[in-house]
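**Student:** Take a look at the letters that make up each chain.
Number of protein chains: 4
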Amino acid sequence: MSLYLGKNLQVSIFGQSHAPAIGVTVDGLPAGEAVDLEALERFLQRRAPGQDPTATARKEGDKPKILCGLLEGRTCGAPLAAVIENTNTRAQDYDQFQDIPRPGHADYTAHVRYGGFQDAAGGGHFSGRLTAPLCIAGAICIQILERRGIEIAAHVRTIAGVEDRPFDPMGEDLETLRALKSASFPVLDPAAEAKMRAVILEAKEQLDSVGGVVECIACGVPAGLGGPMFGGMESRLAAALFGVPAVKGVEFGAGFEAARLRGSENNDPFVIKNGAVSLKSNRAGGILGGITDGMPLLMRVAFKPTPSIGREQDSVSLTRKTPEKLKVHGRHDPCIAPRAVPVVEAAVAVVLLDALLS
Amino acid sequence: MSLYLGKNLQVSIFGQSHAPAIGVTVDGLPAGEAVDLEALERFLQRRAPGQDPTATARKEGDKPKILCGLLEGRTCGAPLAAVIENTNTRAQDYDQFQDIPRPGHADYTAHVRYGGFQDAAGGGHFSGRLTAPLCIAGAICIQILERRGIEIAAHVRTIAGVEDRPFDPMGEDLETLRALKSASFPVLDPAAEAKMRAVILEAKEQLDSVGGVVECIACGVPAGLGGPMFGGMESRLAAALFGVPAVKGVEFGAGFEAARLRGSENNDPFVIKNGAVSLKSNRAGGILGGITDGMPLLMRVAFKPTPSIGREQDSVSLTRKTPEKLKVHGRHDPCIAPRAVPVVEAAVAVVLLDALLS
Amino acid sequence: MSLYLGKNLQVSIFGQSHAPAIGVTVDGLPAGEAVDLEALERFLQRRAPGQDPTATARKEGDKPKILCGLLEGRTCGAPLAAVIENTNTRAQDYDQFQDIPRPGHADYTAHVRYGGFQDAAGGGHFSGRLTAPLCIAGAICIQILERRGIEIAAHVRTIAGVEDRPFDPMGEDLETLRALKSASFPVLDPAAEAKMRAVILEAKEQLDSVGGVVECIACGVPAGLGGPMFGGMESRLAAALFGVPAVKGVEFGAGFEAARLRGSENNDPFVIKNGAVSLKSNRAGGILGGITDGMPLLMRVAFKPTPSIGREQDSVSLTRKTPEKLKVHGRHDPCIAPRAVPVVEAAVAVVLLDALLS
Amino acid sequence: MSLYLGKNLQVSIFGQSHAPAIGVTVDGLPAGEAVDLEALERFLQRRAPGQDPTATARKEGDKPKILCGLLEGRTCGAPLAAVIENTNTRAQDYDQFQDIPRPGHADYTAHVRYGGFQDAAGGGHFSGRLTAPLCIAGAICIQILERRGIEIAAHVRTIAGVEDRPFDPMGEDLETLRALKSASFPVLDPAAEAKMRAVILEAKEQLDSVGGVVECIACGVPAGLGGPMFGGMESRLAAALFGVPAVKGVEFGAGFEAARLRGSENNDPFVIKNGAVSLKSNRAGGILGGITDGMPLLMRVAFKPTPSIGREQDSVSLTRKTPEKLKVHGRHDPCIAPRAVPVVEAAVAVVLLDALLS
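Chains as they are written, first to last, in this note's numbering: chain C, 1 to 358; chain Y, 1 to 358; chain S, 1 to 358; chain A, 1 to 358.
These aren't lab readings, by the way, just hints derived from the structure by calculation.
Bear in mind the structure is a predicted one, so any value in this text is a computation, not a measurement.
There's no promise every hint is true.
A pair holds if it fits inside one copy or across any two, identical chains being indistinguishable in the list.
To be verified - No more than 30 Å apart at the CA atoms, straight line, and that leaves these computed lysine-lysine pairs for BS3-like:
1. 273 <-> 63
2. 280 <-> 325
3. 280 <-> 321
4. 181 <-> 63
Starting from the given sequences, assemble the full structure and let the hints guide the process.
**Tutor:** Spelled out as structure tokens, the structure:
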């Protein structure tokens, strides 16, 4: 199911890499919200390939077409649907993957799940390209959230062990967040960018790829969103984030590091600030008991290295049950993380708007 | 919402720490499945307090009463409901938390979310005690899964940085897994136990607490369960696991470590084994593209240190908006991780049975 | 699935006729709402058997026990759970139905659905007794709705063709509605009561049963609740009402009669009334395009005659595949409709509160 | 929400009457199912306007475009999405309805629900045109169901009181069902057609409209589908059927007539037929306790008269709060029922396939 079923928002993503189109429907958006289509396209450009030397040179026609849900530039209460037409015709490169699955991809598991009827070309419905429709949904949610004082931004926290400075858990100023959103390679520390680019390009030259961690912050989130147990914000956010292809880990606040701490170190003390309840630190990542506490939401998302690599790999023939060698041709991102930055923001935005509408 | 809404299984958890009872309903269990109530109680004993010197000495009457859903020891197709009566009366210790929230707990966020009407005693519906009903649901699912050849086990992977040996991602033998499930302190390496006990008891003596990581494996899971994006197994498992109180991170397979690897290191090559498709390694944790690949499922879950500590902490009065000092009295686990082991198994079992029933 | 999955409210009903208990969980109630337990019990008494000579003389201990979800008489945000213990032990009368299904009951279909493992005693989970937990949920919703100016009432519209006067679709005064809710046999026209009682008792004497129609009105519902297509109020209400055992038809406003009318007769003209938009008539039953229009909601629900009758009926042995004769012993309602009146109100209340919370 | 959220199938309908496109996504279709696009288009032609003198002469370009979900003519496991482009530009006729709502339409309620931001042109998302995407989903489900021996057909049972003969509740032969599906005016009794056409055309000449009842049968449905209470087949079917615009009543089997019968008349006795359990009659409409009993499913759906009529009607100005007169210009169906026949089949097919996939 490629349906994100929020309480108030439903986001349904459809398409295959080489089908006539990919797209998304978003149901439950509040009516009367202006949608800035140029801002939406700029957002999509952030994940589009071909924007940066570290990314694939492949071009996608990511121009979305809004089919319905808007009237004179505003949401009208009806479901919004948008499509991106695929201009690429079915590439021959992919024909083999129906029989010889690419390691690290869904070729084999989709084959089992769908009894051999899956569309393997370009990864089909499992392609990273399906994050474009998610970004359409997210971009619209972000516009609505920003009008309510909520600002979401993400950066490349690490690439193959090279680190950017972390977000200040107490919050970042608006200027810093907005700068990230206009950067072609979003990091907080300019020095990190050069090092990260170097490790990515090194991997690329060696026909290999690298993984990375994206860190996301959401400032201005009011206290009181979410609920206990499976309705908690961590559950909702993680369900959306693990829906992004290649994500293998999600943590909030201190996350795995919290497991090394003592309670006296990890607990965030309450304080009175400007006459209101606040917290002195933010190791909880803005969520206590599944409910937002008024501090910035803070989370990190681990992306595995791009499974498509130019090197020869071991695989098998699904029909002949023989070992086979495989090389993945074509142009692929040597690192997903930089292009995943807006995708993470989009997933977080969908969940936050859904929670806010309750 | 304390409802786990699977496609086929719905698990609804109810209760507050000091309400007359806590309990669970499970809808969608296949009919005709034997439920061994003694095995169920043994499973619950694994999370019950007072079992081990590292855990709280507080006793809970965790004896569950099955209200319906069984006929002559077998599931009858109707929803199963079970309750555990609370024998503790409302403790005075907790009365203050309605006004002075405990750091690291949901006292404050529940106050905001429920407008001051929340039941703060013992954490109310946010109490770790609510994992007992989850264990009832999980224990029943585990019995059904074991009859289908699926074995779930977990162990304490780390406590405050002290490590047990990790699970072999290619699988562990049944004997090892079953030994974990009868251990009072479930680790793979006996040497780790002593060190972990030491750091826990040291924290306890210092009126403090420590966090830990629980690692869980599920062997015998067939390939083909799950689906793309938000219907993927990582999304489903993470949504359930983050529903467990105190969880702040979840990762699958190589997880965050994958973000440091190269594609050529992280991809699991396909091989032919006994005439069938298999994988040479398992850095994917048994899930590719959201769908199981036939390898063991492997995940790690980070638990923060118990927020209840005996030391004085900074808090505030919600009504007076003044800074206050707070000491949490009562008997609390200095570390949640060991008792969380069966809870993690339970959450995983619910998700797996739901996926298997599709 | 015995789960009513509203957008904001989830009502999960559990139990079998002869299990230790039946009950309900209600998640999503707004926090801070007073629950009058005496009023709740009075509501339950309206559907309890043994209240009226036309009903079964069988007694049920319908005293509910609230397990959680309340704090000092108010909802606390946590799921509310309530149980009614079954005092009846397993009756021998029912043992045969595991093999010889009662016509008109779910004995046979449950046998097929659950592979012979169903609990057939007293109809198991399919028993009309399971409407008691629905009434618990409904009674609480009604109390909350009444504080918001919404009044729901129902009456016996017809029994075996004997008619009560219909509700005035433009609304009834509060006094009339409240009188219905304290009547042991709720009709608008006292003359109808005598005739209805007569046909019921005549059927009873002849070891037979009769069907009836319950009409329900909800006054004070604001315009703007609901949505298009499958999210429309008719869809939501019908899904809940057909969940009540023995319901075979549901219609709104003019309902099936509308199919005989012309557009010029059936359209409700808009008018200005006290400076606000209103409607001159209410053949739509208060719902246009799935959304409430500010007029009273009006619906009728057809109940089939009680399938349990004392006469000999034709059935079969499921194991021997032979024709068999069957007499249903025990005390059964010769007509369900009068006792179904509060059940219909309860189902409507759950749906309305859910819609109102959006 | 225009989402039909089945357990296994999710159907999400989007579009407005004058938006660039309308369409549908269907998630959960089994993989490997052939989809005959010509048969799909023939099915859509049955609801298309301009096919019959009793229907509107307005032409719609109902040619669907499949965007994804198919590979070489078969479902591939990925969500299927299809759109129908709207060639009509925004008509001036509708501009006024943003301020002066048409009686019997959703213009006013959508205005309240969406705060004046709704797309009123042509009824926007509330237009009967949105049943075309439902028919796309239904047509695909029907093809899959037919391969499993399930045949769904409907006919015009009554128009303004003129009756066709009812379906034989024990089932109709395949030839009869298929003849209905190729008829331009689907009735069982040819004599009924002439009379029905006459009353429709008479209403049309008088600038008025008439209502009607559509009866639907599903033969070959196996016993055991569905479940108790809110998961029952009546609840699921009714939720889908009331999602079709203009439906005001739904009944199963004997339906409202059952409320006039005695138990001894209404109960369907069990019999042994060819060595298997069967039923001697089918007043239950194939559903007992929410679960199919192996007999044909039988239901009737009441459609109100088309609210769009050429006569002058009373309405109001929403902005000026003044009474206004209104004439609905344009070409409208004087009776919805004949064109609704395939829409009812489609809704039933979606629910049945969803239940069958469990």
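**Student:** State for each hint whether it applies.
**Tutor:** Right, here's what the structure says about each hint:
no.: 1; hint: 273 <-> 63; verdict: neither (46 Å within a copy, 46 Å between copies)
no.: 2; hint: 280 <-> 325; verdict: between (56 Å within a copy, 14 Å between copies)
no.: 3; hint: 280 <-> 321; verdict: between (60 Å within a copy, 15 Å between copies)
no.: 4; hint: 181 <-> 63; verdict: within (19 Å within a copy, 41 Å between copies)
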